[in-house]
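Listed in order, the protein sequences are those of chains A and B. The first sequence begins at 1 in our numbering and counts up by one. The second sequence begins at 1 in our numbering and counts up by one.
One thing to keep in mind: the hints can contain errors.
Since the list gives no way to pick one copy over another, a pair counts as held whenever it fits inside one copy or between any two copies.
Below, a list of computed lysine to aspartate or glutamate pairs in the DMTMM-like style, where the Cα atoms sit at most 20 Å apart [to be verified]:
id, residue 1, residue 2
1, Lys169, Asp45
2, Lys134, Asp185
3, Lys169, Asp140
4, Lys169, Asp126
5, Lys89, Asp21
6, Lys134, Glu183
7, Lys110, Glu59
8, Lys169, Glu183
9, Lys88, Asp21
10, Lys89, Asp140
11, Lys89, Glu101
Simulated from the structure, these hints should not be mistaken for laboratory data.
There are 2 protein chains.
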Amino acid sequence: MTSFAIIGHLARTDGGFSLNDLPGSGGRMDVLCRCVNASLFLSHDLRRNVDCYLILCGEPAGPKTVKFSGALVRSLSPDERSAGALVKKVIDTPCGSEFREAAQGVFIRKGGLERLLGEHRFAVLDENGTDIRKAAELPDAFILSDHLNFTEAEEALLRDCPRYSAGPKCLHADHTITVLLNELDRRTASWT
Amino acid sequence: MTSFAIIGHLARTDGGFSLNDLPGSGGRMDVLCRCVNASLFLSHDLRRNVDCYLILCGEPAGPKTVKFSGALVRSLSPDERSAGALVKKVIDTPCGSEFREAAQGVFIRKGGLERLLGEHRFAVLDENGTDIRKAAELPDAFILSDHLNFTEAEEALLRDCPRYSAGPKCLHADHTITVLLNELDRRTASWT
Numbered sequence: 001m002t003s004f005a006i007i008g009h010l011a012r013t014d015g016g017f018s019l020n021d022l023p024g025s026g027g028r029m030d031v032l033c034r035c036v037n038a039s040l041f042l043s044h045d046l047r048r049n050v051d052c053y054l055i056l057c058g059e060p061a062g063p064k065t066v067k068f069s070g071a072l073v074r075s076l077s078p079d080e081r082s083a084g085a086l087v088k089k090v091i092d093t094p095c096g097s098e099f100r101e102a103a104q105g106v107f108i109r110k111g112g113l114e115r116l117l118g119e120h121r122f123a124v125l126d127e128n129g130t131d132i133r134k135a136a137e138l139p140d141a142f143i144l145s146d147h148l149n150f151t152e153a154e155e156a157l158l159r160d161c162p163r164y165s166a167g168p169k170c171l172h173a174d175h176t177i178t179v180l181l182n183e184l185d186r187r188t189a190s191w192t
Numbered sequence: 001m002t003s004f005a006i007i008g009h010l011a012r013t014d015g016g017f018s019l020n021d022l023p024g025s026g027g028r029m030d031v032l033c034r035c036v037n038a039s040l041f042l043s044h045d046l047r048r049n050v051d052c053y054l055i056l057c058g059e060p061a062g063p064k065t066v067k068f069s070g071a072l073v074r075s076l077s078p079d080e081r082s083a084g085a086l087v088k089k090v091i092d093t094p095c096g097s098e099f100r101e102a103a104q105g106v107f108i109r110k111g112g113l114e115r116l117l118g119e120h121r122f123a124v125l126d127e128n129g130t131d132i133r134k135a136a137e138l139p140d141a142f143i144l145s146d147h148l149n150f151t152e153a154e155e156a157l158l159r160d161c162p163r164y165s166a167g168p169k170c171l172h173a174d175h176t177i178t179v180l181l182n183e184l185d186r187r188t189a190s191w192t
């Protein structure tokens, strides 16, 4: 099982955003939707062994965490709007601090990064880490930031996490996930 | 300079599609928009040395080819809708068989795969090719299909093209582009 978590610093935490304007009204929800796509889609198949966590930190009710389960999700298409529609559907579901399934395979709870860090041993994907191709072994949980850098408070929480880099260029979060999954696919299939 | 060309078998060739329904009314225009994103975007930057050709083969006026120039394009954001809006803007521009700039850095002409094959030495990205990590050198132009396989007529045109594979899993076209660009980035930066 591989897990990705992406922090959406400005991502809207109620349904008051428009699917016609995910970047603006959604607080760059488009970034998070592309990360769901990169985490879960194969050609004509889903990655059933991947979970994708979206940590929504924006107005008016953040933080909340949405979990897309690759094993359980239904009604998800690859386009941004499809993932956005599922977030919009689940985000207003009353929830507490435990995950509640609010659409098939899509779960919601209150709380953000600190809670999630207590549950997984995350590695950080950023430009300054160990090359993923050089690592003898790779972890099974990775955390990324959206279009903004991690805040100082987040960096403090992530201080002890190992760091890995996907390559020499600074990439979007979804592209980084795609490159990392390719490396994991190769290791699993012994394509060295 | 690196070029990508993606065949959109059903992609709409006039402006009669809705930005709110790129997959349906656009004939899977969402796939092509994600390929534009994968081809051109770095974090807070564009890949100025990449061109992305969309070969639109759908109703009512196909084939047409739209070229996004990484060096010249303006007003392009990473979300699918942004690339879709540029296609919708240029697609009804009167054009002949030569590229005409119909938005900044976005060009349109009549004609499809056969014409483009006469201008670039394309390699095909599919599951059965040589592993891109194993190739001594990589070409600078790559062709991919959308969610559908190449047709028999396309396969006949592509018969003599070299073939490369991005990994052991069958990926979406945009994910394949991302993985390939990572390999090219590593070679350029001597990250071996």
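Structure-based check of each hint:
1. Taking the shortest alpha-carbon separations for Lys169 and Asp45, only the inter-copy value of 10 Å comes in at or below 20 Å, while the best intra-copy value is 29 Å.
2. Within a single copy, Lys134 and Asp185 get their C-alpha atoms as close as 15 Å, and across copies as close as 16 Å, so both meet the 20 Å cut-off.
3. With identical chains, the CA atoms of Lys169 and Asp140 are at most 20 Å apart between copies only, with a shortest distance of 18 Å across copies and 23 Å within one.
4. Taking identical chains as interchangeable, the C-alpha atoms of Lys169 and Asp126 lie at most 20 Å apart only when both belong to the same chain, with a minimum of 10 Å there against 24 Å between chains.
5. Taking CA atoms no more than 20 Å apart as the test, Lys89 paired with Asp21 passes in both settings, with 16 Å inside one copy and 18 Å between copies.
6. Taking the closest pair of Cα atoms, Lys134 and Glu183 come within 20 Å of each other both inside a single copy (11 Å) and across two copies (14 Å).
7. Taking the shortest alpha-carbon separations for Lys110 and Glu59, only the intra-copy value of 13 Å comes in at or below 20 Å, while the best inter-copy value is 47 Å.
8. For the homomeric pair Lys169 and Glu183, the shortest alpha-carbon distances inside one copy (16 Å) and between copies (11 Å) are both at most 20 Å.
9. For the identical chains of this complex, Lys88 and Asp21 are neighbours both inside a copy (12 Å) and across copies (17 Å), given an alpha-carbon limit of 20 Å.
10. Taking the shortest alpha-carbon separations for Lys89 and Asp140, neither the intra-copy value of 28 Å nor the inter-copy value of 43 Å comes in at or below 20 Å.
11. Proximity of Lys89 and Glu101 under a CA criterion of 20 Å is satisfied intra-copy only: 11 Å inside one chain copy versus 40 Å between copies.
Against the hints set out earlier in the document, a violation occurs for number 10 only.
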